[in-house]
Structure formats: structure tokens, C-alpha cells
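With the sequences and hints as input, model every part of the structure.
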Amino acid sequence: MPGKAKTAAKAKSPARRARDATDALIAASAQSLRLPIDPAWYPAVRSNIQLLLKHAALVEEFLLSEETEPAPVFRA
Amino acid sequence: MLEAADDFAWSRVADIAAAVAAGRTGALRVVEAALARIRARDPLINAFTAVTEQRALHRARALDAARERGQRLPALAGVPFAVKNLFDVVGLPTLAGSKINRDASPATLDATMIERLEAAGAILVGALNMGEYAYDFTGENAHDGAVHNPHDRARMAGGSSSGSAAAVAAGLVPLALGSDTNGSIRAPASLCGVFGLKPTYGRLSRARTFPFSASLDHVGPLARSARDLALAYDAMQGYDPDDPVCAERAAEPAAALMERGAEGLRVAVAGGYFKPKTAETVYAVDSVAAALGANRDVIIPQAERARSAAYIITASEAASLHLDRLRARPRDFDPAVRDRLIAGAVLPASLVVKAQKFRRWYQREVVKLFAEVDAIVAPTTPCTAPLIGQQTFTFDGVELPVRPHLGVYTQPISFIGLPVVVIPVPLAPLPIGVQIIAAPWREEVALRLAYALEAKGVAAAPRPSE
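In order, the protein sequence lines correspond to chains A and B. Counting from 9, one number per residue, gives the positions in the first sequence under my numbering. Counting from 612, one number per residue, gives the positions in the second sequence under my numbering.
Hints may be right or wrong, so weigh each one.
[Unchecked claim] Pairwise CB distance ranges, derived in the manner of DEER restraints:
no.	chain 1	residue 1	chain 2	residue 2	range
1	B	A939	A	A23	30 to 40 Å
2	B	Y894	A	A32	47 to 57 Å
3	B	V893	A	L72	18 to 28 Å
4	B	A960	A	A35	17 to 27 Å
5	B	A939	A	K20	31 to 41 Å
6	B	G1000	A	A32	33 to 43 Å
Simulated from the structure, these hints should not be mistaken for lab results. Positions of the beta carbon are idealized from the N, C-alpha and C atoms, including for glycine.
In C-alpha cells:
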């Protein structure tokens, strides 16, 4: 019933939503990369990807000019 | 001076080579003593995964025969050394600390660094335990067991060059090679109380070593004195077309410059992010700063962000390297390594490129500091060796996981390839290392300062009680 579904969606905490989103990212990436992932590995993989995303957020919030070259530069 | 006529366990590289070259002892005698010591002591330390006994004896006999024929022996004649088991050694599969690589074909050529040390007369005696695929700061290996810290065998040796640091600290060899991507030479050197050199990125060839994170991987020596590091470093320098990252630079020998010590060098202490936060790091950094007359602080800008960027690039490059193995044999990895590699594979590439762009900015900013100072002093590990199996430690009043945080001070430095010498401060009951960081391609500055600290008695590789 629509009313019940709405209540269930509302009940999801931000932590739960973040966890679900990370799990969805892991599942989709694993499928596209053809990586077999045992369900038992999800908690550790999730915690590692959340840590990586935290580090990435710290890097991303530092504003750089669009012209900044990435460190490894290919030379022909 | 050699310490005893029949045991070279605590002798210096230079002293062994001089004695062998002069015929005061034979290379065979030195190597047999090293092999006997490895047999007797290594079961307690677990540093070796292979001992190349026949090869070592053969080379030692050849060196002795050359001397008897009147040939002048090279700089490292008769010096036993061992290598982290990610260096190719003819006839051995290159394990890189893994179970999976045990199925690899034996190497058909030695790593370039082994070839160069042997060309200088050193004698390979074996391959050393390490953290799986070098993704480790603890020295705990799921397949070969933990390497035990020679100063307290209940404690970690540090990783990932765990066997390299422990073998040198335990007097099994006077010289070992390791690799350092985020701190893997420096962290175990700190916890085991030995000297370690992580050279400038691109200085020493990584040819025929098993990679980890290509844009961050370095190789380098560990030893019990600064001069020994310099002698090994000099023997290994020079361009190698087999490593595309190896710089086309002529060798810049350091050993002959050591006695200049700290003369004329401007030294500062890293403040801010690097400010020591535990009693042992405060004492160690203060002692080094006082001995070197370092009376000013410098701030390495955005060091915390640099560590984050190094973390991201490592995870992504390592995941890419291992993708096929993750598909085919995921259950044969150490789970702690596998789960981090899978996370690295999942990380969006756009974030990795952001980290590489930040790296460019950070490198330019940090190098500017070297216009005003020649070297920067910083802690190496946040603590002395934790217990094997210890999961957390208290850092700056906060309980944190041990495994990733042992590299908190090393990652922002290797991230931009700066040369670093770790010097051991012989605290009781456990030693701890301090990083001496120099400008790119100025390894000799860090080595001279390490030599000066050793001469003043501030730095020393303590001999463990047995």
C-alpha cells in the first residue's frame, strides 16, 4: 500500500541510506567489472569504500584551477 | 673494525668489505657465519621466506678466488644482503608476500638492484617476508606469519618491508633491500630501530620488482648505519632503461660526502600536521632537532589532504594491478588486503584524477620550502612498535585503528617522491625512527645529517638482547 511504503521510506536513517547507496555502488561496480563478491565481504568492502570516499571528499573540497595538470604527465 | 674473528653479525658493511678485500677474512667465512646465524635466529624472527645458500656459497668462493688471483675486490666485497620477496631472484617465484604468486614461474633474471649490489661484491643470502602485495604497515602476513620485532618478539616489525627491517635489526644481515610506496621502508625501520633510505622517486631502478602502486613505488636500502646506507645506495644508482620511471641522471655518490656532516646545512622541524603527539615522538624529534641546531619550524602545506590523496591513488592503482587476480582467485588473498583492493576498484576514476591534480599543486608548494631549508625533520611512526595483532592505539587522545595510521607521517612525503632517511633513536625499551626529509635528488643531504646524528650518539641502531 502506498501509505505503508511511504512510512517505510521515511523510517530509513541517513546512515542506512548511505549504507544502501554504498552497497548499490559496490554491487553495480562489481557486476560491470566482473568481480565476484561474497555477501560476507560487504561490511569490510563498504567500510573501506566509505573511508576512500571520505578521503576523496577532503581532496575534492580543495579548489584547484581547471588548468592544473594531473601529476603523471605523458610525454611522447 | 670487525667485532669478532668468527661472527660478523654486528659488523658494518664497510668493515666487512675492507676485511674481505684485504684478506683479513674470507667472503666464504662471512657468508657461512651469516647463514649459520639465519638458521639459528630466524625461526624466532620469521624474517626469511627463502635462503639462497648454494648461490651465496658459490659467489663467496668466487670472490675469494678472485682475491687470491690478485684481483682488487669491489666496494661491497663479501657483504651478505637479503631482499624483500618482491624483488626477482633467479630461480624463485616472486612472492610479493602473497599466496597466489607461489604459482608463478621462477624468475629468470635478478632485479636490477640485486645485479648492481652483486656487481659491487655483495652476496645475496635470501628473500624476506613482507606484507601481502606490500599493502601493509604491520608486518603481519596471513600466509607466512607475522615478522617478529627483534627488540620484543611479541611486537610488530612494521611493514610492508617487515622482514627487511627485522633481518637487519636482528643481526642476520648487515644490509637489506625494501620497497616504499607510502612508508614501507620507513615504518619498519622506525619500529625495528634501523636506518632506512627511501630515495627520490625515479632515483633507483624498480626493474624486475613486483609493483604495488606504480606512481608511488620506490625501492631502497636498510642498514645499521648511515654510511652503510650510503655505500649500498651508491652501488645501486644510475639510469636503467628497464624501469621507465628511472631518471636519466648520472650517479651522484654520497658516501664520500658523509664526513661533511651537518656543516652548512639549514634544518627545520615540520610543524602543524607533523607536530609530535606522543611522548616517544616528542622526545625523538626534539633530540634530533637539538643535535642538528634546528631552531625553526616549517609548515608542510595541506599535508592531511596529501595523505588522503595518496590513499586514493594507492587504492586505485593497486586495484587496477590486481583486477584479474581479484576476479580469478579472490579467496586466496589476505581478506584485509582483498577488501581494500575491491574498494579501490569501485572508486570512481574521476576522484583519482582529482587526487593526481592535487598532487601536482602540493609538489610545487612543498618544494618551495627547500629554498629556505635543506632538510626537514619529522616523526616517522606515531608510536613505537604495537603488539602483534593489536587493532587500535591512542593517538592525540583518540582511539584509532593501527593498520592505516602507522603511515600518517610517511604518506604525505612519499606522495611527492621526496628523499628521506629514517634514523633510529634508541629509546628504551623500544626504538623509534625520525624522518630526515630533503629536496628532490638531494639524498646526500639526508645521509650527511644521519651520519652527523650517529656521530653525536643521537641516532643508533640498538642491538637487541637475545
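Hint-by-hint comparison with the structure:
no. : hint                           : in the structure
1   : B:A939 with A:A23: 30 to 40 Å  : 35 Å, holds
2   : B:Y894 with A:A32: 47 to 57 Å  : 49 Å, holds
3   : B:V893 with A:L72: 18 to 28 Å  : 35 Å, violated
4   : B:A960 with A:A35: 17 to 27 Å  : 18 Å, holds
5   : B:A939 with A:K20: 31 to 41 Å  : 37 Å, holds
6   : B:G1000 with A:A32: 33 to 43 Å : 34 Å, holds
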